[in-house]
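Number of protein chains: 2
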Amino acid sequence: MKNIITISRQYGSGGREIGAKLAEKLGIPFYDNKLISLAAKESGFAESAFENVENKATSSLLYSIAMGINAYGNRDIGFTHLSLDDQIYLAQSDVIRKVAAEGPCVIVGRCADYVLKDFKNVVHIFIWADINYRKDRAINQYHLPAQKADEEIIKADKRRANYYNYHATGKWGKAENYHLSIRSDFIGIDNSVDCIIRYLEFGERRTPTK
Amino acid sequence: MKNIITISRQYGSGGREIGAKLAEKLGIPFYDNKLISLAAKESGFAESAFENVENKATSSLLYSIAMGINAYGNRDIGFTHLSLDDQIYLAQSDVIRKVAAEGPCVIVGRCADYVLKDFKNVVHIFIWADINYRKDRAINQYHLPAQKADEEIIKADKRRANYYNYHATGKWGKAENYHLSIRSDFIGIDNSVDCIIRYLEFGERRTPTK
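Residue numbers (the numbering used here), protein chains in the order written: chain F, 5 to 214; chain X, 5 to 214.
FYI, nobody ran anything at the bench for these hints, they're computed from the structure.
Note that the Cβ used here is the ideal one computed from N, Cα and C, for glycine as well.
A couple of the hints might just be wrong.
[Stated by the list, open to error] Partner residues are not named here, just some residues of chain F that face chain X (Cβ under 8 Å, in silico):
#	residue
1	F130
2	W132
3	K178
4	E180
5	Y182
6	H183
7	L184
8	S185
9	I186
10	F190
11	I191
12	F206
13	G207
14	R210
Please model the complete structure; the sequences and the hints are all you need to start from.
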């Protein structure tokens, strides 16, 4: 399998687990938080600065608006003029491009689909699920208190959308950003992995248009 | 297979062909323009009034705004107070619900996913494709002049989005509206049909959460 696979996912949809199982089945590296550590080492930032980067996307945006800063237009005036969050994003993006250049892998989150938009052989996946399924996973697998689960799911998705919509040009969760989008609770985690593999196999047999 | 399948699709993505082949493979009825004829007969409107209903969605919206009319809030003051387009939409929706009540089938377009949102055993599919693939199909299969293809594709998608966003509460093309969303040009029409069937089979073996 020659593809690099990016996975974007709603909170609690099982997207991370699907990505990990997919990487295992394909025998290729899997990156999520590992990526953060790698990025931290590469850039010299402390790892702790990376940990809540998604949480900071909104305040970073507000800060940028207040300061009249555009994260992209600003690059030419020097790295140090960017906010800490933007510097972290750029450092992470470098790592994503580096691991992608090394060969097939699975990368979860961190706008990887957008960062790798000009790479060949990249397939983008989106995983979502019914709210009740996500609530169950949040309570039973992430050990969230039941009365906080709904709120946390909504907030986590908002953070992901904010983070993506701030850094990327497309919109998080729009079907045409992804080769394949799957509602995971309808078929389960393992079958979702199977669906992705089948899609990748079909794609390998054809000459992709991009 | 117990499911009713709705298919939403970008213009030129092959969504209609995928729907037709899917229905044939599953041995269940297929509805697209047939539905319009059915609706026309049911409601007593002339078929010609239905033909360009998507084209009229925008003007209908402007008309509604100008008249201070809300298509939904207005239902209780009588069918005849609605614009012609809204009346056609309601007549079509009745037909969609009627054919869905009869059993498994494939329905392409016409906001069927939204119309059937409260039905059980409905699976929603979205088909999209790379712009070059859609352009090729527009020229070679729908016989559009090459110099008009780009413009027509963009306009057709805008009409579909307008039509959907006016009548439904969600947003056309948002991944979480659909159980499965597929980029068709990457794997081809027949493989897209295969992917949908696999997804449906996996779903049948589980107890769906909804």
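We went through each hint and held it up to the structure:
no.	hint	verdict
1	F130	holds, 5 Å
2	W132	holds, 5 Å
3	K178	holds, 6 Å
4	E180	holds, 5 Å
5	Y182	holds, 7 Å
6	H183	holds, 4 Å
7	L184	holds, 6 Å
8	S185	holds, 4 Å
9	I186	holds, 6 Å
10	F190	holds, 5 Å
11	I191	holds, 4 Å
12	F206	holds, 4 Å
13	G207	holds, 5 Å
14	R210	holds, 6 Å
Violation of the numbered hints given earlier is absent; every hint is satisfied by the structure.
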